[in-house]
Amino acid sequence: MATNVKVQAEAPPARGWYGVVFLAWLVPGGGHFLLKRPGRGALLLASVAIMFLLGLMMRGAMFQPQTGDVLTTIIYCGGFLGDLASGLFYLLAVWLGYAQPDMAGHVHDYGTKFLVAAGLMNVLAMVDAYEIAKGEKE
Amino acid sequence: MPKMNLSHFEAAILFALLASVVLGVITKRTDAERLRYGVRCFAYFIAALIGLGWLMKLGHG
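Taken in order, these protein sequences are the chains called A and B.
Numbered according to my numbering, the first sequence spans residues 1 to 138.
Numbered according to my numbering, the second sequence spans residues 1 to 61.
Please keep in mind that the hints were generated in silico from the structure rather than gathered at the bench.
Because the structure is a prediction, the values reported are computed rather than measured.
Misleading hints may appear alongside valid ones.
Pair by pair, the computed Cβ-Cβ distance ranges are [stated by the list, open to error]:
(1) A46(A) / M1(B): 15 to 23 angstroms
(2) L26(A) / L55(B): 39 to 47 angstroms
(3) A99(A) / E10(B): 35 to 43 angstroms
Here are the simulated BS3-like cross-link-like pairs (lysine-lysine), alpha carbons at most 27 angstroms apart as the crow flies [as the list claims (entries may be wrong)]:
(4) K134(A) / K36(A)
(5) K113(A) / K57(B)
(6) K137(A) / K36(A)
(7) K28(B) / K137(A)
(8) K134(A) / K28(B)
(9) K113(A) / K3(B)
(10) K36(A) / K28(B)
Even for Gly, the Cβ is constructed at its ideal location relative to N, Cα and C.
Given only the sequences and the hints, what does the whole structure look like? Please build it.
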């Protein structure tokens, strides 16, 4: 009982989550930094950044939205959204002209998956930041 | 940017490590629980990696 009272007293007040989620998308871990969780924010930033950089160094391909049959639409549009979810890393890579063609080979294939996985990990971080901002989680 | 060549195993280990860190950070409520969960996720990744690797090897004959 006493523990519950203490936890509620320490929980931050519920605040507008739009800015937090936007910052969490733009800068991986940024939402956690804004919500005064620097340790967790730094771990998320490092994990997403390393995953994205490894993807670039393995010359992974970025997905472009493409429609056709259902499977093509899911893979290419989903992959594009996954890439886009990396926020600033994706925007910077595209802005600086990174455009690797899709090539055969396991290293390129892993690189493509690493790029998408970095975005998907950032989606998890965004959801976590949203829950913290809403006061549903510490 | 330098080009990196990793084997399947090295790439999968790196993927498992980074994914486990994120899963541990976002899932639990205390630091001790996060650490335990992250380590457990990493162990599951490695077990699945080795298990599926053997399954594919045995399946190929």
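Going through the hints against the structure:
{"no.": "1", "hint": "A46(A) / M1(B): 15 to 23 angstroms", "verdict": "holds (18 angstroms)"}
{"no.": "2", "hint": "L26(A) / L55(B): 39 to 47 angstroms", "verdict": "holds (41 angstroms)"}
{"no.": "3", "hint": "A99(A) / E10(B): 35 to 43 angstroms", "verdict": "violated (26 angstroms)"}
{"no.": "4", "hint": "K134(A) / K36(A)", "verdict": "holds (14 angstroms)"}
{"no.": "5", "hint": "K113(A) / K57(B)", "verdict": "holds (23 angstroms)"}
{"no.": "6", "hint": "K137(A) / K36(A)", "verdict": "holds (13 angstroms)"}
{"no.": "7", "hint": "K28(B) / K137(A)", "verdict": "holds (10 angstroms)"}
{"no.": "8", "hint": "K134(A) / K28(B)", "verdict": "holds (17 angstroms)"}
{"no.": "9", "hint": "K113(A) / K3(B)", "verdict": "holds (16 angstroms)"}
{"no.": "10", "hint": "K36(A) / K28(B)", "verdict": "holds (17 angstroms)"}
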